[in-house]
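Colleague: Sequence:
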Amino acid sequence: MGDPASIGPEITVKALSRKELYDKCRPLVIGDARIMDMALQELGRNDISVHKVTSPHEGLYRQGVIDVLDMGLVDADKLELSKVSSMAGTAAFGYVKKVIELAMKKEIDATVTNALNKEAINLAGYHFSGHTEIYAEYTGTKKYTMMLAHHNLRVVHVSTHVSLREACDRVKKERVLEVIRIADEACRSMGIEKPRIAVAGLNPHCGEGGLFGREEIEEITPAIRAAEAEGIHVQGPVPPDTVFSKARGGWYDIVVAMYHDQGHIPLKMAGFVYNSEAQKWDAVEGVNITLGLPIIRTSVDHGTAFDQVGKGSANELSLINAIEYAIGFALNSNIQNRMI
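For the sequence shown, numbering that gives the first Met the number 0 begins at 0 and goes up steadily by one.
Some clues are possibly wrong.
Said to hold, decoys possible - Below, a list of computed lysine-lysine pairs in the DSBU-like style, where the Cα atoms sit at most 30 Å apart:
(1) K310 with K82
(2) K267 with K310
(3) K171 with K245
(4) K171 with K142
(5) K142 with K245
By construction, these hints were calculated from the structure, which means they are not laboratory data.
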């Protein structure tokens, strides 16, 4: 459900009001039933009801009913929408931890997360920089990375939630090679038989032969050569100011970015479309996927959007994209006799 004070409950209602999703999967919300009821009321959706369950097997899984595994972590009378609070942080963290437990026990096939507020979960005493790190901790995963996807544009990252100075220090051969391998495996999991991988440079013009930095020479290129020796179809380093346009044009199936903003900015330029005349978002698309985990995790590619809470205008496209990606990963994993 995401942070209960965020747009998470609203876009969950909007996404799960679509019949086509129930034709593809059995969606279960992990959260607070009363908060979901409030979202239904705000949107005027009297045609939809909330069904509280205590386990996935109790769900009805039909359009017009939103099945909620009720955690009871929020006092709705005290919750302030659009505000950072330890109560909301505790709840958001609890939802994530629970959905990880269900997936690790194989009671569900895939997990999809709405946004949480990093300040709120840290205020609640859970010192993580985001979903990715929570998933890594509670699945015991050491080698993982974030992938962003918008249609045919896919990006994975050598580093994410660290300072830019530290991100540069993390560009090492071993880590770049590790992310190339994860990218190759992820594409194959999506049904791409022979993935074409591009590796972005770190420095302008890929360092211009060492004039603007030596990371390409000493770390990135050796990683690319090692990956080629393993039979991976990889090219680079490619100048970061052109590699994403090439990928969007179909040259590559996925791009290895060196740090958070290098990968996030082009994805959000492609997926986030603001209509200045109507003063609203026409599209907020894109998916955040954690690769390298023993379970499937996809997520919206946006934050809690406290400025939009309660207005009924929050865009659900990114959540729908995330659900569809989760379904695709689950189907490609040949998972049988369990529920998404």
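Colleague: Enumerate the violated hints, using their earlier numbering and listing them in ascending order.
Modeller: none
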